[in-house]
Amino acid sequence: MVVQNYKMVPLQGTPSERVRRIRDKMLDSPFECDLERARCYTRIWKSMEDSPPCMRKAKALEEFLRKIPIRIDEDEVLVGVKSSKIRADPFEIELGRHVSVWDLLLDDTIEEQAKKLIRRGTAMQRFTPLTEQEIHELKNEIIPFWKGKTLKDRKIELLKEAGLYKDYRGPMARIFNTFLTGIPDTYTLLFDGQGHTIPGFRRVLKMGFKGIEEKARIELEKLKEDDKDYEQRKDFYESVQVVARAVCNYSNRYADLAMKMAEKANKERRAELLEIVERTRQVPAYPPRNFMEALQSIWMTNVVMEMSYGDGNVFSQGRVDQYLYPYYISDIAEGQITNEKCLEAIEEYLVKLASVVIAGQNNITIGGLGHDGQDATNEISYLFLEATANVKSLLNSLSIRISSKTPRDFLLRACEIHRYTGGIGIHNDDMIVEQFIEDGYSLEDARDYSIVGCVEPTGTGNDFSYTGGNGIWMAIVFSMALNEGRVHLLGKRQVGAKTPDPSVFKTFEDVKKAFVEQLSFAVERVVKMAELKDKAFAESFPSPLLSSTIEGCLESGQDITRNGARYNNSCMNGQALGTVANSLAAIEWAVFEEKLLTMGELVKHLRNNFKGARALREQLLNKAPKYGNGDERVDNLAKWVAEIFTEITRKYHVRGGKGIYRSSFVSAAGSQVIEGRNLGATPDGRKAGEPVSNGLSPVNGTDRSGLTMALLSATKAGQPLITDGLAMNVRISPSIIETDEGVDRLASIIEAYFELGGKEIQINPIDSDTLRDAQAHPENYKDLSVKVSGYSARFIDLSRSLQDDIINRTEFDKF
Amino acid sequence: MATDDGPGVRTTIYFNKCPLNCVWCHNPESIPNKPQIQWVEQKCIGCNSCVEICTKDALLMKEDGLHIRRENCNSCGDCVAACPSTALSMLGEWWELIDLFHEIEKEKIFFTKSKGGITVSGGEPTLQSDFLLRFFKLCKKNGISTALDTCGYSSKEIYQKLLPYVDLILLDIKLIDPDKHEQYTGVRNELILENAKWISNYVKENGKKLWIRTPLIPKYTATNENIKAIGEFITFNLNNIPEKWDLLSFNKLCEIKYSRLGRSWILKDEPLMTTQEMEHFLELAKKTGVKNVKWSGLTRKIE
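So the protein sequences, as listed, match chains H and R.
Under this note's numbering, the first residue of the first sequence carries the number 1, and numbering increases by one thereafter.
Under this note's numbering, the first residue of the second sequence carries the number 1, and numbering increases by one thereafter.
These are calculated hints, taken from the structure and not from any lab test.
Please note that a few of the clues may not be correct.
The calculated label-pair distances, taken between Cβ atoms and stated as ranges, are [unchecked claim]:
1) H/S404 <-> R/K156: 45 to 51 Å
2) R/R300 <-> H/P30: 40 to 46 Å
3) H/Y6 <-> R/S264: 56 to 62 Å
4) H/K651 <-> R/I45: 44 to 50 Å
5) H/V504 <-> R/S264: 55 to 61 Å
6) H/E741 <-> R/P164: 25 to 31 Å
7) H/Q494 <-> R/T12: 37 to 43 Å
Remember, it's a predicted structure, so these values are computed and weren't measured experimentally.
Virtual Cβ for every residue (Gly too), placed ideally from N, Cα, C.
One chain only, chain R, in its complex shape (with noise of 0.2 Å):
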């Protein structure tokens, strides 16, 4: 998504896998559990290095391209460290707790500066809770602010366990009928709204920050009765303890990352918003009474 992942200058950090399927997902890439291997046409220099190296015959390469057997591959990395362009790269990479840190740390005075820190997100980060716990345990020792992008769908206790040390929730309400939320996202909603209002009491009682924030997708989520009931579930069942509803408008950045990964995505042929659209949501959304909202994000110009 083209938006903001909390204040100031940060640095976010996408963990793996995910509890949701939803069927307009903008980084497939980080739903599996484990890393995957990808494959840019443009930068192939077609020198058959990789299909040479693979021992697990994962790798085809054809007139049209690399052919990659995915249900052959386990991810052991040989092609792409012999790939001499970098035309296969890894999505997703191990981190071993102090490197990612180290990796962080380098940044830490623009974060400081800008009063912006690091964001996790995903995939649904608090899959990996213990690693992250531990993260967030050496970023706040070190004075380096932190924000969770979470999908809402975890155990209280994880959230429990996790925020103390977290300074900003970035929480997805995406839909709040709990049959469409199932049918598009692979699992109702009660866990999600549920936490939603611990989460917001948590946040007021602790001196914490919530953002909401809900993906405007044509057709699914960017709907009037969906905004509209959103928007009362903030002010009404969160007391508009949020500060800050963020409207992002559809993008097609993930366009490319479907096709790399040898998939096709549903959306792809779905116009972008207009702005004349976000803005009406907006005015939606400001009616119900929430007291901080904003859109942002990419628009289609009308010719």
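Pulled out of the complex, with its shape left as it was, chain H reads as follows (with noise of 0.2 Å):
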């Protein structure tokens, strides 16, 4: 497309005076907890125990709606509040998910809870804790009420009847973890759901919440008593029109809240309450008539979304420039809107995404190609690369789809913005179109994929296969294959299958079979608990507004959880792709060619952590192959490796239906530092406990051949094969983009990168010095962002151990 509306202006790296101070409110908050969702949801849940789960929800949902506290602040424009917090996420209690980190404190009294708090270091301190009202209340009142009911205990009654229970409790859910709730570990809870979806923004757009409480209204007549299904769907009809129905009355509370704030207000101010009232009075009830309205809208679905799930979803934007353009183009034609106006809503509206404790609303896709097959760049994804290096990335990750039809100066700026800000993702469209025609989606419906999650490329509002949630421990899984399907830290117990003595392995093919064997056996488990999770949905936990939006549902009347949606895969998660790589080149290297020591002697050293085997450690460490630096002894193994585990999980389909089991390399919300807790020496030379390698990358600090090596190295991990998500993580010097040729250079690389069969890239432009200072000195670095494997964070709201990890990661700084 030929973009004729956008000027390439120099990047400011700062928004409008308006926007910063909305930025600095939100980042100068704390993380709070707002039990408004919990009491809301308790009193339904208490009234209509026997009532049809669809209808349950839409109703909890419609009293959330009506009782919160809302707020209009006072420089916004966007309007829409999912707590009655600055920062706080809707409690999601009928999940079993109870308070995400709160949870841990619920024994404690405030003053005990600020001292774990403290102790935990400083992320952890931006957390206020609970008052003794709020802790009473959860205790007598809320959780009690719960026992038995939620989605978790079902989820256990489920397991149990399926005899995997004992293997989903304690240490052992660590290995063949489903995220599911069950261990006290802020990582599962987070991901304890299904998730990582787009909802359907465009439907809402054409129909607005109106025009789907009818669609439902129409579908619901034409049901006739003997259909298929018949009282799930009526049920799930009936469930629609409430929650519709409850969406509008809640964007006409901003309206009436606004008109009365106008009454008081100064002129200015005034009038743009003024059109808060009417765009709220219009959206996302109607259909937009302009650009403000039709990111209204989206922000309103964006809030009632997480209102409605609760925080541990994810539910990303899709292809916003593509929403927006229509609206943009006929107030650019007309003389309704200017650049700088779209601008600033667009910085207004990334910094409310961002708006999150741990995981939410995010990630916003822009660029590629169009339905038709031509490049869809427009002026929309240039104001997105400007927003965010004004706002920075912030929490969300932005999206970057580059097709070999993108016009170079977008991918040009796309490398630009990397002056300003990490926190971006750039997805080869070419390959992934590809991918998703083999992955049954038509080839409209492949153009217009969008990226959800961390760097997950799924169907934009009719899919729900959802690409976050299952995933098995990759290293700890290798670690089996050399202890006959036991887990060193975890003494005798048999966890894995079990292969044989690996003190008798002949050749190094017997310790791949042996993998392979541990791989299948813990997909296989991993399989069944996810069917069961998604039985679980399926029977207790629908989905009504959700589905209401996603294409498919609708027409169906069947909810998303029992395969409404047009698209339904699911994912399988393997992280650490480079320790195990590297484990596998360091024995075939070291016992079958070097014949440095037997198999035995080297199962005997990694149980003893390398203890008095420091020269061996140091050969393992310095002398065996590593992936990242084109040795093809080693990349080989890596494409082994991703070939092996997706052949194993395409093998299971999903939810009883067609879909299937996608596999991914992706490191969400730190779990390589805690893979790597769990697990014992590995025959690389790293020692139990250090951190396993993220996503697809190589082994920290092991590619020391240069930035194209690695990226070379990267290419032959078997990418075109991974159809779910997969994070190569690149961290760089800024100098080397602070001229213009940088930039090209960085650009081009992208390109050659994608040529040779790279899906994606992201990249830290962030240097050590930078990033330590940061830890000393986190408050000056209130919007430093960076790519942890594909999400993005605040760095200074990671981890200690995680930070450390990032600092450990290849700093290149040079082309």
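From the two separate chains plus the hints, produce the assembled complex.
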């Protein structure tokens, strides 16, 4: 597409004054816990215990939307809050997740809580402890009611029935984890659920919630009693009408509030408030009539989605540049809006998206091909790049689609914004579209994919292939191949497949064979558990609001949890590809080629954490081949691991349908540190407890041959096969993109990487000194954002161990 | 030198041996004509494997670390192979043409996309001109762009032989004053300046590119007279044919290399130059009429 209404201007690196105030207020606010949602849901659940699950959920949301105290802050133009506090998430009590980090603190007094929060390191200091009153309410009124009724409880029942529960508790859950709740660990709490979906923003823009309500009414009228699943579909359509109405009423509350506020406001603000009145009466109830209404509709839809589902779902935004374009271009043609005004509105939207505690709405996709196969990069895409450089990417990832048809100045601009911020994922459009076709998406839907969660491609508003939630600890599974299916740190318990005693391995093939057996065992186990989790959702915890927006659900009368969406796949995540490939290569090199020692001896040293074997460890660390250096000996092993893992995961079908488990290599929420903590020494010379490698990236500090060689290795690692997400992290010294030549080189490197078969790359343009200074003086680095694995985070909010892990990554200081 | 060795993404291959002996040399490891071992203290685990395997009595482990008797060392590399932690490594390696090319070729697409390529540097690569010629030919045949970084102190015949296969020549002009040149580099500069003129003409006639590079070394090359003289030489004697003149700020990244080679560096106490000083020389250089002068490299912050 020819972009006519946008001229490249020098990047400012700072948002408008108004947005800066909104941003600073948000970033300066502590993380808080808001009980309002839990109160409302408890009240409704109590009164509707025997009602159909979808109706119960609809009514609970209706109650919450009616009762939540709302506000419009001084500088805001986009309105809508999901919590009565500045930085708090809706409390998803029915999932059994309680209060995320506060969960750990429920039995403590305020003083004890405060101590714990401080002891847990810098990040936790930003959490405000619960008050005595809140603790009392939770412990005496809310939590007791939910005993045995939550999603978590239902899952445990199902797992028990299936004989899987013993694998689900305690340390076992760390290995065969499906990110289900059950262990006192924020990581697994965070990912308890399905989630990772792009709501149907386009449908909301096109029909409005009034239109959705009407459509549900018409479909319900058409339904006949002898139709298949009559009761269930009837309930579904009724529940959709309840939530659609509730959303419209919620928006009207803002109109009323703004009207009231306008009476007392000064002239300038009064005009803004009156515009807010008009906008919130129009959207999201009806289709927007202009750019600002469209953006308001998108934001309010985010708000109600979060409120209906809770914080752990991670609803991503999808192709916002495409959604907004028609409104933008007609406003521009009519002289109704300027780029400056759009930019400021986008900046405000970006800041609002970042107002989450741990996970929530995030990730915007821009650029790429249109439905017609032509380049669809437009003015809004450029404005998003500019806005991201201005507000910094904060928590929300920006995903940039780059195809062979993308204008080069767009790619250059995408590289240039790395002078101001990290937290950006760059995706190979041509490869991903092909992968989607391969996975059964129509050509048009394939071209219309978005990035969800961290880096995972998914359909836009038509897909419930939730991409986060199921995975294995691949390096731990690998270690079981050297321990007859046991995990060294867990003692003698048989947790994996019973593979042979490693001391009898005669060839390297025997090692690989044992690994494949363990891998198959682990994947099968996780699939079984994931299917039961999905069953619990489908039976008791449907999502009428989300479903009402997703293509396929209203048409079929089936909730997304029952495969109502047009596409229904699932994910299976591995991480630590680098650690596993390096470990395999080290065994091949040391035991079978150089014959430095026997398998038996190696395993003994691993169990002893290389005690008394320093020279051996040094050899394994320094002389065995390492993934990330263009060394075919180990790159081919990385490829083999990716291939065999993918082959295994894709055998399984999802939720009794045709969808498949697509493989991914992402490290979410610092999981590389958590896996490492639970893993003994590995053959690549890594000591027990040290982090494993993240996503698809090389092991920290082992990619010593320069950026191009690191990328070359990554392209050898079977990326075209990995159709869910993968994260290739690269850290560069910011000095190398200071000049325009440097930016041009970075762009060329990305082009070459994609042509070689790279699917995703994310660049942290931060040097080690800056990161160390940020550790020492967090107050000076409020807007320093980094890519952790697939996802972005504020550096100062990360735990110390995760910060160190990022500092230990190789920093490339030249191209 | 922290600098550009040509446009785009590049891999630089350093050749050993050099006819010059600059007092400020930034690549001391590339001067000898055989590989040398180096020892990195931080990596050493004190296992003594290297001492035990050495048959030339060249290594001695003392309390303050490993001592290398370079006069005894024949660079056989046994100690490097025996060292588990790569504390000992070989500076310089013997490469077969085809292996070197294979290694380079892996990155070809990065070169092509960025209009980059390979740069040969050193040392002085033209001292191995037979190998170099074969290497350049192989690169060109396979569509890899080539650059030659040379000190200019080589015979015209060698340049005649090599330049048809070179896209970009990076020619060092360090000093104009022949006496000072001899004093600081060990050789006089008449040959270099003659070659510079010949290369300029060749470049013009054959559609190649020439960049002139001047390392700005405090007290040695970074003087007003010298910069002015080089600028005038480029303008009047080279007829402004060079596409670019790079002023490379003095850096101290090589200090550690000297100490690992058991040598002391004459400039180790010299501070980095300031941005203002570099800007000053840039202005001076521009005034001489050279059309495209840039400076790059590290500078010192003024407190």
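Outcome of the hint check:
For the pair H/S404 and R/K156, the beta carbons lie near 46 Å from each other, so the given range of 45 to 51 Å is met. Against the hinted window of 40 to 46 Å, the Cβ-Cβ separation of R/R300 and H/P30 comes to about 42 Å, which satisfies the hint. At about 58 Å, the CB distance of H/Y6 to R/S264 agrees with the hint of 56 to 62 Å. A C-beta distance of roughly 46 Å is found between H/K651 and R/I45, which places it inside the suggested range of 44 to 50 Å.
The given range of 55 to 61 Å is respected by H/V504 and R/S264, whose C-beta atoms sit roughly 57 Å from each other. Restraint check, H/E741 to R/P164: a C-beta distance of roughly 27 Å satisfies the suggested window 25 to 31 Å. Taken as a hint, the range 37 to 43 Å is violated for the pair H/Q494 and R/T12, whose Cβ atoms sit roughly 54 Å apart.
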